[in-house]
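Colleague: Residue numbers (the working numbering), protein chains in the order written: chain A, 109 to 606; chain B, 109 to 606.
Quick caveat, the hints were computed from the structure, so don't treat them as lab data.
All figures in this text were calculated on a predicted structure; none of them were measured in a lab.
Be a bit skeptical, because a hint or two may be false.
One copy or any two copies: either way a pair holds, since identical chains are not told apart in the list.
[Claimed, not checked] Quick list of in silico lysine-lysine cross-link-like pairs, DSS-like style, CA-CA up to 27 Å:
no., residue 1, residue 2
1, K451, K605
2, K266, K125
3, K513, K300
4, K513, K475
5, K125, K166
6, K169, K475
7, K341, K202
8, K476, K311
9, K535, K166
10, K166, K476
11, K497, K392
12, K202, K416
2 protein chains.
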Amino acid sequence: MSLNIYNSLTRTKEAFKPIHEGWVGMYVCGPTVYSDVHIGNIRTFVNFDVVYRYLLAKGYKVRYVRNITDVGHLEGDLDIGGEDKISKKARLEKLEPMEIVQRYSNGFQHKMEMFNTLPPSIEPRATQHIIEQIEMVQEILDNGYAYEVNGSVYFDTKKFSEAHNVYGKLSGRKIEELLSETRDDLKKQDEKRNPTDFAIWIKADPTHLMRWPSPWSIGFPGWHLECSVMSTKYLGQTFDIHGGGTDLKFPHHENEIAQNMGACGCAPAKIWMHANMLLMNGRKMSKSDGNHITPDQLFTGDSPHISKAYTPMILRFFMLQAHYRSTLDLTDQALQAAEKGYKRLMEAYENVNQLSTNQRRVETDLKKEITEGIAAVWEEMDDDFNAPKTLARLFELATRINALKDGHLPMADVDQETVGMLQEVFKKFVEEVFGLRQEDAAGAADDTLDRVMQLVIDIRAQARANKDWPTSDLIRDQLAEAHIQLKDGKEGTSWSKS
Amino acid sequence: MSLNIYNSLTRTKEAFKPIHEGWVGMYVCGPTVYSDVHIGNIRTFVNFDVVYRYLLAKGYKVRYVRNITDVGHLEGDLDIGGEDKISKKARLEKLEPMEIVQRYSNGFQHKMEMFNTLPPSIEPRATQHIIEQIEMVQEILDNGYAYEVNGSVYFDTKKFSEAHNVYGKLSGRKIEELLSETRDDLKKQDEKRNPTDFAIWIKADPTHLMRWPSPWSIGFPGWHLECSVMSTKYLGQTFDIHGGGTDLKFPHHENEIAQNMGACGCAPAKIWMHANMLLMNGRKMSKSDGNHITPDQLFTGDSPHISKAYTPMILRFFMLQAHYRSTLDLTDQALQAAEKGYKRLMEAYENVNQLSTNQRRVETDLKKEITEGIAAVWEEMDDDFNAPKTLARLFELATRINALKDGHLPMADVDQETVGMLQEVFKKFVEEVFGLRQEDAAGAADDTLDRVMQLVIDIRAQARANKDWPTSDLIRDQLAEAHIQLKDGKEGTSWSKS
Numbered sequence: 109m110s111l112n113i114y115n116s117l118t119r120t121k122e123a124f125k126p127i128h129e130g131w132v133g134m135y136v137c138g139p140t141v142y143s144d145v146h147i148g149n150i151r152t153f154v155n156f157d158v159v160y161r162y163l164l165a166k167g168y169k170v171r172y173v174r175n176i177t178d179v180g181h182l183e184g185d186l187d188i189g190g191e192d193k194i195s196k197k198a199r200l201e202k203l204e205p206m207e208i209v210q211r212y213s214n215g216f217q218h219k220m221e222m223f224n225t226l227p228p229s230i231e232p233r234a235t236q237h238i239i240e241q242i243e244m245v246q247e248i249l250d251n252g253y254a255y256e257v258n259g260s261v262y263f264d265t266k267k268f269s270e271a272h273n274v275y276g277k278l279s280g281r282k283i284e285e286l287l288s289e290t291r292d293d294l295k296k297q298d299e300k301r302n303p304t305d306f307a308i309w310i311k312a313d314p315t316h317l318m319r320w321p322s323p324w325s326i327g328f329p330g331w332h333l334e335c336s337v338m339s340t341k342y343l344g345q346t347f348d349i350h351g352g353g354t355d356l357k358f359p360h361h362e363n364e365i366a367q368n369m370g371a372c373g374c375a376p377a378k379i380w381m382h383a384n385m386l387l388m389n390g391r392k393m394s395k396s397d398g399n400h401i402t403p404d405q406l407f408t409g410d411s412p413h414i415s416k417a418y419t420p421m422i423l424r425f426f427m428l429q430a431h432y433r434s435t436l437d438l439t440d441q442a443l444q445a446a447e448k449g450y451k452r453l454m455e456a457y458e459n460v461n462q463l464s465t466n467q468r469r470v471e472t473d474l475k476k477e478i479t480e481g482i483a484a485v486w487e488e489m490d491d492d493f494n495a496p497k498t499l500a501r502l503f504e505l506a507t508r509i510n511a512l513k514d515g516h517l518p519m520a521d522v523d524q525e526t527v528g529m530l531q532e533v534f535k536k537f538v539e540e541v542f543g544l545r546q547e548d549a550a551g552a553a554d555d556t557l558d559r560v561m562q563l564v565i566d567i568r569a570q571a572r573a574n575k576d577w578p579t580s581d582l583i584r585d586q587l588a589e590a591h592i593q594l595k596d597g598k599e600g601t602s603w604s605k606s
Numbered sequence: 109m110s111l112n113i114y115n116s117l118t119r120t121k122e123a124f125k126p127i128h129e130g131w132v133g134m135y136v137c138g139p140t141v142y143s144d145v146h147i148g149n150i151r152t153f154v155n156f157d158v159v160y161r162y163l164l165a166k167g168y169k170v171r172y173v174r175n176i177t178d179v180g181h182l183e184g185d186l187d188i189g190g191e192d193k194i195s196k197k198a199r200l201e202k203l204e205p206m207e208i209v210q211r212y213s214n215g216f217q218h219k220m221e222m223f224n225t226l227p228p229s230i231e232p233r234a235t236q237h238i239i240e241q242i243e244m245v246q247e248i249l250d251n252g253y254a255y256e257v258n259g260s261v262y263f264d265t266k267k268f269s270e271a272h273n274v275y276g277k278l279s280g281r282k283i284e285e286l287l288s289e290t291r292d293d294l295k296k297q298d299e300k301r302n303p304t305d306f307a308i309w310i311k312a313d314p315t316h317l318m319r320w321p322s323p324w325s326i327g328f329p330g331w332h333l334e335c336s337v338m339s340t341k342y343l344g345q346t347f348d349i350h351g352g353g354t355d356l357k358f359p360h361h362e363n364e365i366a367q368n369m370g371a372c373g374c375a376p377a378k379i380w381m382h383a384n385m386l387l388m389n390g391r392k393m394s395k396s397d398g399n400h401i402t403p404d405q406l407f408t409g410d411s412p413h414i415s416k417a418y419t420p421m422i423l424r425f426f427m428l429q430a431h432y433r434s435t436l437d438l439t440d441q442a443l444q445a446a447e448k449g450y451k452r453l454m455e456a457y458e459n460v461n462q463l464s465t466n467q468r469r470v471e472t473d474l475k476k477e478i479t480e481g482i483a484a485v486w487e488e489m490d491d492d493f494n495a496p497k498t499l500a501r502l503f504e505l506a507t508r509i510n511a512l513k514d515g516h517l518p519m520a521d522v523d524q525e526t527v528g529m530l531q532e533v534f535k536k537f538v539e540e541v542f543g544l545r546q547e548d549a550a551g552a553a554d555d556t557l558d559r560v561m562q563l564v565i566d567i568r569a570q571a572r573a574n575k576d577w578p579t580s581d582l583i584r585d586q587l588a589e590a591h592i593q594l595k596d597g598k599e600g601t602s603w604s605k606s
């Protein structure tokens with residue numbers, strides 16, 4: 109089975125063939141840690157987590173690099189005149205960008221753990237690579253594709269386009285159109301030779317807090333530069349896969365390509381992958397018009413857009429229900445459906461592990477169907493990581509698993525090999541590739557509490573049936589102390605934490 | 109109440125007076141992330157976590173900086189000749205130091221969370237500050253306290269000692285003795301002018317993997333340098349508190365002082381604090397002679413040195429039972445005692461929150477004793493963060509709380525103010541200062557499962573008393589499915605996860 113990946117650069121699905129057999133280098137643009145991570149970004153990182161996991165499942169050795177952008181644009185009243193008494197006294201009391209970086213990168217890591225994404229192999233920070241960024245600016249200058257004005261250095265898109273006919277290729281834009289389209293902005297950009305030029309080193313004005321010495325000025329690197337530097341530092345000048353959100357295609361990724369080509373004359377990535385946007389109620393999320401929700405609001409249910417709380421695993425399952433190149437619409441209804449789907453899949457996963465047979469070997473239609481169904485799971489995923497179709501195939505297998513367990517299909521029609529294959533494909537895809545884990549109604553990553561609570565609910569039902577009120581009262585009182593609510597509904601009793 | 113801190117530098121307890129009123133800057137030497145964090149290091153970080161928490165509890169605004177040493181000394185077969193085909197091909201397959209850094213810094217953060225230590229305000233990495241380290245080397249060179257030999261730069265301890273009579277002060281060593289003591293090593297150190305000199309910039313030999321350009325060579329900073337740079341960058345040239353393990357006093361902290369004095373002529377920290385060692389069975393821990401245990405072995409009980417598993421909170425409580433300047437001896441017996449102590453304290457904390465009275469105001473001996481007892485809690489902690497004595501005072505209060513709850517002391521003897529003060533001091537010290545939280549027998553940071561399991565144990569006892577075997581069997585079977593074992597003992601029934 110061979111993997112095909114849609115390459116944004118060529119706009120076609122291509123058979124995947126890594127540069128070095130058996131090894132894959134993948135770079136994904138990570139978060140900027142100057143605010144809380146957006147649920148839309150989480151979708152992107154979950155999508156690439158599944159790509160990473162699937163490459164591992166196929167046996168590749170993967171070096172997965174996802175950066176952290178910690179060079180921010182905070183401004184303060186830093187006295188750059190020197191270490192006089194006032195500025196010394198104020199040091200502790202002043203805004204320190206790294207303090208903000210620390211808070212939000214911890215928050216980001218915590219969210220990534222909740223969503224059960226694997227940590228990347230390397231998570232480089234822009235501030236760890238200032239020297240390498242200065243070196244790349246110098247290389248681009250040496251090659252004639254950049255120019256210095258007043259201590260800042262700009263990438264010369266026009267000159268680069270004359271030499272290399274690639275600028276605009278990824279995003280489908282023509283340099284000529286870009287040059288004329290963006291002319292309005294020229295008044296703000298009087299240091300630039302062409303409106304599409306972009307800064308690769310920026311002279312810091314006196315209020316800018318993060319600043320480093322360079323041959324051109326005390327300043328800071330342009331934002332696009334860090335990814336060009338960190339991807340190639342850890343993966344080589346040309347590597348296999350570069351990913352990111354679709355909103356980064358232009359100008360970020362276009363400029364990355366230009367920088368790498370401008371520095372070494374070679375393209376950074378063979379394959380560019382872009383994850384599409386997360387919408388809400390059919391529209392783009394936006395704080396200003398209220399069409400917006402945070403991860404924490406989703407976990408607590410504290411938002412007018414949703415009727416109840418959803419756990420991280422329900423959200424993860426929800427994200428798997430759309431192909432990464434499609435938009436995904438977050439609605440309360442879709443989340444409810446995802447909750448049911450997630451539970452159904454996890455139930456089938458439990459059931460498959462309970463199947464057992466003494467049949468050494470059979471040749472039946474059912475065995476043939478199951479064997480083909482398992483092959484189809486891999487085939488769907490091989491088709492550009494099509495998670496929703498892969499899930500659909502797993503659900504087809506789930507129907508058979510449940511029927512075997514309930515006796516609606518004869519266990520005699522399957523043998524040990526078939527049962528083993530079913531168990532393996534569920535473990536492989538549910539746990540390893542899709543990264544779904546059992547969690548209880550409180551969202552904890554362990555179903556022990558869920559199981560014990562089910563026991564308590566069973567005992568309570570029995571006590572009520574027997575009119576054993578002392579037991580029933582004991583359960584009510586002690587659960588209240590543990591801040592657990594029971595809710596009796598049509599489909600039985602459920603519980604939640606307050 | 110005023111805080112006194114033992115200053116390793118002056119060898120006396122000093123009244124704490126921050127440089128800038130209301131603000132405290134504290135720097136603690138963090139882990140080297142090239143291997144798993146040692147339980148002894150965890151003791152150091154827990155101790156300084158309590159210092160940080162206590163400063164916050166006293167109302168200070170604290171900037172707490174704890175570094176991560178990610179410049180390692182890994183060697184590989186890096187081809188520095190250039191980007192020829194072979195070295196390009198090999199990039200992905202080669203050992204990448206940052207991949208190792210990523211693995212162990214994630215592991216470290218995870219352990220710190222398990223032990224409920226607060227994240228520092230800033231967690232700077234050495235690799236984020238290579239430029240600033242090069243700048244400090246240059247400053248020291250400019251001031252004449254360093255010299256360059258073959259691309260490496262050494263700190264001149266003799267010349268520095270002649271100008272500033274501080275080298276050796278912290279560790280109580282005399283420079284003259286050091287100079288003669290260490291002369292044997294000279295053969296390995298032929299670039300040094302004096303045996304006590306140390307490298308602040310090291311020219312990388314061809315196999316060294318982490319390397320940066322500098323005015324002297326392509327190389328890497330000496331280990332002591334990063335702390336001098338990162339402490340003063342974020343806290344100012346002179347700041348309040350510098351902490352670390354006692355093993356870092358010499359040469360690391362001694363050299364830090366020399367570097368900072370050599371660069372700016374001023375001492376970095378006013379107060380130096382050193383946390384003492386964790387022993388095991390009365391001896392230094394050592395992998396080679398088997399007298400060694402890892403955090404994971406402690407959590408699982410999988411070690412010949414212990415009879416059972418201990419949760420992170422039991423270990424944290426255990427660490428609070430010794431003053432930070434004393435050695436602490438880890439033995440199975442001591443851990444069992446800590447488990448009992450932790451449970452007793454948490455029980456009193458639960459009990460105090462259940463006390464309530466309608467008494468508006470009383471003047472009784474009991475009220476007076478309690479009020480004095482609460483003041484004593486703060487006083488013990490003010491005496492150089494004496495956690496074990498503070499705990500002893502809390503236990504004295506616990507005895508009264510339990511007696512009030514059980515009716516052995518009359519509730520009429522306390523009023524609302526007294527109850528409020530008791531509740532406040534327990535919340536302040538148990539939760540906020542000591543960072544202890546409820547956890548269940550499986551070590552989860554939440555007592556919900558514990559409470560629900562207690563309910564199940566109660567129902568089971570009742571069912572057995574009533575000879576209600578179906579309920580008793582249901583409980584046995586469903587707990588087995590949830591991988592929970594019950595153990596009936598003299599002190600009642602306990603549970604654990606398998």
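Colleague: Hints first: check each against the structure and report whether it holds.
Modeller: Hints, one by one, checked against the model:
no., hint, in the structure
1, K451 x K605, "both (18 Å within a copy, 24 Å between copies)"
2, K266 x K125, "neither (33 Å within a copy, 61 Å between copies)"
3, K513 x K300, "neither (70 Å within a copy, 76 Å between copies)"
4, K513 x K475, "within (15 Å within a copy, 66 Å between copies)"
5, K125 x K166, "within (13 Å within a copy, 61 Å between copies)"
6, K169 x K475, "neither (33 Å within a copy, 68 Å between copies)"
7, K341 x K202, "between (34 Å within a copy, 12 Å between copies)"
8, K476 x K311, "neither (68 Å within a copy, 65 Å between copies)"
9, K535 x K166, "within (14 Å within a copy, 52 Å between copies)"
10, K166 x K476, "within (23 Å within a copy, 71 Å between copies)"
11, K497 x K392, "within (25 Å within a copy, 58 Å between copies)"
12, K202 x K416, "neither (41 Å within a copy, 49 Å between copies)"
In this structure, the hints that do not hold are numbers 2, 3, 6, 8, 12, in rising order.
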